[in-house]
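Whenever a hint applies, use it, and build me the whole structure from the sequences.
Chains as they are written, first to last, in the numbering used here: chain X, 236 to 407; chain L, -5 to 179.
I should point out that these hints are in silico values taken from the structure, not numbers from a laboratory. If you're wondering where the values come from, they're calculated on a predicted model, not measured in any experiment.
Computed footprint of chain L on chain X; a stretch qualifies when at least three of its residues, placed anywhere within it, have a C-beta under 8 Å from a C-beta of chain L:
| no. | segment |
| --- | --- |
| 1 | 272 to 284 |
| 2 | 309 to 320 |
| 3 | 349 to 363 |
Here are the computed lysine-lysine pairs in the DSBU-like style, where the Cα-Cα straight-line distance is at most 30 Å:
| no. | chain 1 | residue 1 | chain 2 | residue 2 |
| --- | --- | --- | --- | --- |
| 4 | X | K266 | L | K62 |
| 5 | L | K140 | L | K150 |
| 6 | L | K140 | X | K298 |
| 7 | L | K153 | X | K265 |
| 8 | L | K62 | X | K265 |
Note that beta-carbon positions come from the ideal geometry of N, C-alpha and C, so glycine has one too.
Each chain, written out:
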Amino acid sequence: MDYFTEVRWSPYVVGIGIGVLSWFTFYFSKKPIACSTTFARASGIAERLLRGPQVEQRPYYQKIKLSWGWQGMLVTGIVLGALFSALLSGDFRWQWVPDLWATTFGSSPLLRILVALLGGIILGFGARWSDGCTSGHGISGTLQLAVSSWVSVVCFFVGGVLAAQIIFRVIA
Amino acid sequence: MMTKKTQTSVSTLGTGLLFGIVFGFLLQKGGATKYDVIIAQLLLSDFTVLKIMLSAVVTGMIGIHALKAMGWIELSIKSGSLGKNIVGGLIFGVGFAVLGYCPGTIAGAVGNGYLDAIVGGLVGIVIGSGLFAALYPKLKSGILAKGDFGELTFPKLFKVNDWLVVIPAVAVIVLLLVWLESKGL
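Written as structure tokens, this is what we have:
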């Protein structure tokens, strides 16, 4: 049981675990592990609360269907699983500004929140544009040898590495 | 009929939640719910994220193709195009570096107590997704359709048996991981 209270596991143990989990999701749920469509559904559901049922007529929401569903529960489960793991190991803490950000750009929560908001907007927009994220394309699509997913994940890292260099080596 | 349908959907939602809990637990134990770990990967100073992803891909790839060969599962391939996957992928990458989480790991970051994820990133992803949904009718037949290649896989592209791609792909990924370890990365 001590193993479950450790703060970090080997990345290979974690990765093999996620790979085995993908066998289970394919076999029992007939679905690959994926997360980002849930955020588009959340956006549509929030807009529907504000503006009424005509929001469902948007072509994109006709395509993805505005119901929380299996994937929404998967994302909900991620929150709970991470919380459980962090509580078990004593790694849970409320934190406004990540350490690496604080040592580079200072400990102001406002700046970090605004940049996280901007990053989230770009990320959410890009995830819909490429039709997947680091889980849907990066793990589930690549393991099925999908061309769309290999092209996407290479571009995720090309864009990410270049932007990180600019943020931490040019702007900072 | 109604009862049966409700029961099916409850079990669907329940398994989704259960698989999500396992996924979130693993992501947190791997450190992937942390901004510092993700940014260190993008700065190429710590390869934890890539090690997790590649070992998941190798494990998953072997198992999924074995299950497929036994006729127990069907693949679920996303159709693609150059305009969709290259342009969208690069935009996603920039967001990945600015935010420091991705859609799956931000859910884990929420569970870890990280308030920049809850108050900033999560709200941003929902707004960005909504912006795309609003623009979708304009993009659909334009850039998203450029260089369309459909639901293509590498075995289909090369017109070979699945295992003739799986085995070399696994070998290359394992060698890459061994090389990373030998460099102390």
